[in-house]
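**Q** For reference, the chains in residue letters:
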Amino acid sequence: MDIPRVAGCIPGVEEIRPLDDSAYRGMLRVQVGPIRLALAGTITVEEQDRNAWRASMRAEASDRKAGGGVRARMTVALLPAEGGTELVVETDLSVLGKIGEFGQPIIRKKADTTMQEFAANLRAALGV
Amino acid sequence: MIAFDYRSPESLAEALAALDEAGDEGKAIAGGTALVILMMQRLVRPGRLVSLRRVPGLDRIEPADGEVRIGALATHRDVETSPVIRERFPVLAETFRHVATLRIRNIATVGGSLAHADPNQDPPVTLMALGARVRIAGPGGERRLPLDEFFVEYYQTALRQNELVVGLELPFPAPGSGSAFIKFLPRTADDYATVAVTANLTLNPDGACREARIALGSVGPTTLRAREVEALLTGERLTEPLLTAAGEAARRAVDPIADQRGSAEYKREMTGVFVRRAIRSAWARARGAGA
Amino acid sequence: MKISVTVNGSPRDLDVAPQRRLIDLLRYDLGLTGTKEGCSVGVCGACTVLLNGKMVSSCLALAGFADGGEVTTVEGLASDERLHPVQQAFIDYGGFQCGICTPGQVVAARALLDAVPSPTEEEIKEWMMGNLCRCTGYFKIIESIQRAAAR
Numbered sequence: 235m236d237i238p239r240v241a242g243c244i245p246g247v248e249e250i251r252p253l254d255d256s257a258y259r260g261m262l263r264v265q266v267g268p269i270r271l272a273l274a275g276t277i278t279v280e281e282q283d284r285n286a287w288r289a290s291m292r293a294e295a296s297d298r299k300a301g302g303g304v305r306a307r308m309t310v311a312l313l314p315a316e317g318g319t320e321l322v323v324e325t326d327l328s329v330l331g332k333i334g335e336f337g338q339p340i341i342r343k344k345a346d347t348t349m350q351e352f353a354a355n356l357r358a359a360l361g362v
Numbered sequence: 002m003i004a005f006d007y008r009s010p011e012s013l014a015e016a017l018a019a020l021d022e023a024g025d026e027g028k029a030i031a032g033g034t035a036l037v038i039l040m041m042q043r044l045v046r047p048g049r050l051v052s053l054r055r056v057p058g059l060d061r062i063e064p065a066d067g068e069v070r071i072g073a074l075a076t077h078r079d080v081e082t083s084p085v086i087r088e089r090f091p092v093l094a095e096t097f098r099h100v101a102t103l104r105i106r107n108i109a110t111v112g113g114s115l116a117h118a119d120p121n122q123d124p125p126v127t128l129m130a131l132g133a134r135v136r137i138a139g140p141g142g143e144r145r146l147p148l149d150e151f152f153v154e155y156y157q158t159a160l161r162q163n164e165l166v167v168g169l170e171l172p173f174p175a176p177g178s179g180s181a182f183i184k185f186l187p188r189t190a191d192d193y194a195t196v197a198v199t200a201n202l203t204l205n206p207d208g209a210c211r212e213a214r215i216a217l218g219s220v221g222p223t224t225l226r227a228r229e230v231e232a233l234l235t236g237e238r239l240t241e242p243l244l245t246a247a248g249e250a251a252r253r254a255v256d257p258i259a260d261q262r263g264s265a266e267y268k269r270e271m272t273g274v275f276v277r278r279a280i281r282s283a284w285a286r287a288r289g290a291g292a
Numbered sequence: 000m001k002i003s004v005t006v007n008g009s010p011r012d013l014d015v016a017p018q019r020r021l022i023d024l025l026r027y028d029l030g031l032t033g034t035k036e037g038c039s040v041g042v043c044g045a046c047t048v049l050l051n052g053k054m055v056s057s058c059l060a061l062a063g064f065a066d067g068g069e070v071t072t073v074e075g076l077a078s079d080e081r082l083h084p085v086q087q088a089f090i091d092y093g094g095f096q097c098g099i100c101t102p103g104q105v106v107a108a109r110a111l112l113d114a115v116p117s118p119t120e121e122e123i124k125e126w127m128m129g130n131l132c133r134c135t136g137y138f139k140i141i142e143s144i145q146r147a148a149a150r
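Residue numbers (my numbering), protein chains in the order written: chain E, 235 to 362; chain Y, 2 to 292; chain B, 0 to 150.
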């Protein structure tokens with residue numbers, strides 16, 4: 235599994251660079267109307283199953299200027315399913331700091347649509 | 002709050018030029034009650050702030066040619082207390098009266114409220130139900146948009162970066178029209194609504210509904226028209242089964258976000274309840290206002 | 000940027016950063032600490048001042064909004080060493096306890112009586128709705144305003 239390629243499927247992700255063999259630095263740009271967040275942080279691979287196509291990752295990113303951030307745990311897996319292969323993406327997201335105060339609900343909604351786009355992009359990239 | 006270049010132009014042309022020049026970094030401010038909060042939290046960080054407060058001529062509320070024209074810099078309080086609005090659009094005056102507190106209404110402007118595009122706001126709900134059109138100015142001139150087409154997403158409008166809302170146009174209600182605004186807020190009176198509804202109905206002389214406009218606030222990413230509900234009512238007489246069907250259609254029209262004002266399911270349920278009540282109330286008023 | 004504001008009747012010329020809020024200009028640049036900052040989002044009313052005669056939340060107004068205009072704070076209610084009738088009534092009828100909301104309350108009440116000299120109880124409640132108080136339960140505030148109106 236090519237983590238940078240997987241992370242690159244998240245809309246708004248830029249500049250994924252390896253830190254060591256299980257961690258990467260990156261930037262995620264998110265916009266809600268006039269609010270533009272530049273979330274800089276790290277993605278750490280916690281588990282990777284090299285036989286099955288499956289990994290779980292932890293991400294932490296913050297916008298220094300806005301004084302808030304996100305923390306997420308994500309699992310992606312390809313599972314055999316009737317008629318082909320199924321892509322399963324599970325995300326557990328916390329919104330922290332000022333961003334959280336302002337609009338937990340809007341950010342959650344944005345996170346939902348972002349994850350849906352991510353899953354669609356990943357499916358296309360994997361050809362499933 | 003992060004520093005910015007502050008301009009206080011004294012003409013619309015100057016204001017548009019200052020915005021155009023700033024590109025992505027430019028933001029207009031009028032009353033500032035929404036924008037300053039976002040800037041204090043550093044969620045919005047414009048490089049240039051263009052104050053509209055000194056631009057003349059944009060704060061009038063005037064009847065002309067079968068409609069009322071409201072300038073973008075009219076305050077909420079101006080609309081709430083305007084004699085022509087109270088007489089011809091009492092539901093609109095009442096809607097503006099429900100916004101926040103008097104301190105906010107004294108300074109927050111009609112144009113600013115539209116440009117901010119927060120679906121939790123009350124005025125856009127009634128304005129949409131009344132068929133308002135937005136007047137927009139840009140470097141290339143002016144254009145008009147029905148309010149239905151103005152809101153695009155949460156906090157996003159059809160305004161280009163270098164454009165400004167300069168006014169609103171509201172056609173006078175047709176004979177046989179009645180409207181009702183209901184703001185349901187189970188918590189404090191100065192809060193946003195859990196759900197807000199404005200129903201605006203025009204009846205034929207025989208009592209059947211000729212035209213219905215139903216707008217909803219706080220239950221989607223933008224202020225919404227409940228078009229399926231409107232289609233159900235058109236051509237029909239008011240009956241209990243019709244109202245029940247309308248409530249169900251209203252629940253299908255919304256996509257609420259769960260927050261401290263209610264769960265998504267609660268807001269959806271209350272949409273049905275208050276759409277029914279608003280229709281009932283608007284219908285009674287329309288009957289009373291027969292041609 | 001340079002601004003000219005008349006504060007409590009005195010013309011002042013100041014040089015402020017564009018992002019300076021009116022409340023900070025009043026409290027820190029002019030030393031008028033009567034105006035309080037309670038919630039910072041325009042809800043509680045502790046920061047109420049009059050801008051060109053109308054009550055606004057000074058925590059949400061940019062200092063630049065006052066340029067060329069007039070601001071009245073709680074310090075500007077009294078004249079010639081005599082308290083404004085609203086202030087005197089709050090003292091006489093127990094309109095405050097801890098006092099933190101009081102500057103906002105009396106400024107708002109003064110604006111009410113300027114606009115509506117003999118308000119009904121309903122009118123008082125509607126006007127004063129945005130000035131929150133954690134101590135009094137509001138009854139004494141309403142009564143103080145009614146008594147001030149009667150004077």
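Treat the hints with care, since some could be wrong.
[Claimed, not checked] Anything over 10 Å on all C-beta distances counts as not near chain Y; from chain E, calculated: (1) G301; (2) K332; (3) T348.
[Claimed, not checked] Here's a subset of chain Y near chain B, in silico, CB distances under 10 Å, partners left out: (4) I30; (5) G32; (6) T76; (7) R78; (8) A94; (9) T102; (10) N107; (11) I183; (12) L186; (13) T189; (14) A190; (15) T235; (16) R238.
Everything labelled a hint here was simulated from the structure, so no lab data went into it. In this text, a Cβ means the ideal position worked out from N, Cα and C, and glycines have one as well.
**Q** A separate judgement is required for each hint: does it hold in the structure or not?
**A** Outcome of the hint check:
no.	hint	verdict
1	G301	violated, 6 Å
2	K332	violated, 5 Å
3	T348	holds, 14 Å
4	I30	holds, 8 Å
5	G32	holds, 8 Å
6	T76	holds, 9 Å
7	R78	holds, 8 Å
8	A94	violated, 14 Å
9	T102	holds, 3 Å
10	N107	holds, 4 Å
11	I183	violated, 19 Å
12	L186	violated, 13 Å
13	T189	holds, 9 Å
14	A190	holds, 6 Å
15	T235	violated, 38 Å
16	R238	violated, 38 Å
Checked against the numbered hints listed earlier, the structure breaks hints 1, 2, 8, 11, 12, 15, 16; every other hint is satisfied.
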